[in-house]
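J.: Sequence:
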Amino acid sequence: TETSFSENKIRIKGKAMSNNLLADYIRNLKESPYLTKIDLISSTLRNVQNSEYLEFSMTAELAPRHITPLQSDTKGGEK
Numbered sequence: 001t002e003t004s005f006s007e008n009k010i011r012i013k014g015k016a017m018s019n020n021l022l023a024d025y026i027r028n029l030k031e032s033p034y035l036t037k038i039d040l041i042s043s044t045l046r047n048v049q050n051s052e053y054l055e056f057s058m059t060a061e062l063a064p065r066h067i068t069p070l071q072s073d074t075k076g077g078e079k
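Going by full-length UniProt numbering, the first residue of the sequence shown is number 1, and it counts up by one from there.
To be clear, the hints were calculated from the coordinates, so they are not data collected in a lab. In this text, all values refer to a predicted model and were calculated from it rather than measured experimentally. Keep in mind that a hint or two might mislead.
To be verified - Quick list of in silico lysine-lysine cross-link-like pairs, DSS-like style, CA-CA up to 25 Å: (1) K13 / K37; (2) K30 / K13; (3) K15 / K37; (4) K37 / K9; (5) K9 / K30; (6) K30 / K15.
Start from the sequences and build out the full structure, keeping to the hints where you can.
T.: So, in structure tokens, the structure goes:
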């Protein structure tokens with residue numbers, strides 16, 4: 001599997017032994033809190049030396065980070 005990044009977009013290219021394994025991979029990516037908008041771009045069946053596999057390409061986006069601001073224990077300059 002190879003990945004490339006551009007800003008918040010990720011492009012993933014790889015190989016899977018079956019449609020079921022590719023579907024499991026996509027489902028696992030969709031369950032990640034770090035990724036959104038997972039889209040399968042292409043999936044092509046290849047046959048090399050009597051061995052079949054799927055060559056796939058997909059994109060995803062990094063999920064926005066939710067940062068909670070720190071709260072101060074002091075009020076308005078009091079010490």
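J.: A separate judgement is required for each hint: does it hold in the structure or not?
T.: Evaluated hints:
Taking the CA atoms of K13 and K37, the gap is near 16 Å; set against the 25 Å cutoff, the hint holds. The hinted pair formed by K30 and K13 meets the criterion: a straight-line CA distance of about 16 Å does not exceed 25 Å. Under the criterion of a C-alpha separation no larger than 25 Å, the hint pairing K15 with K37 is consistent with the structure, at around 20 Å. A C-alpha spacing of about 9 Å is found between K37 and K9, which places the hinted pair at or below 25 Å, so the restraint holds.
Taken as a hint, the K9 and K30 pair is honoured in the structure, with Cα atoms around 15 Å apart against an allowance of 25 Å. At most 25 Å may separate the alpha-carbon atoms for a hinted pair to count; K30 and K15 meet this at roughly 18 Å.
When each numbered hint is compared with the structure, no violation occurs for any of them.
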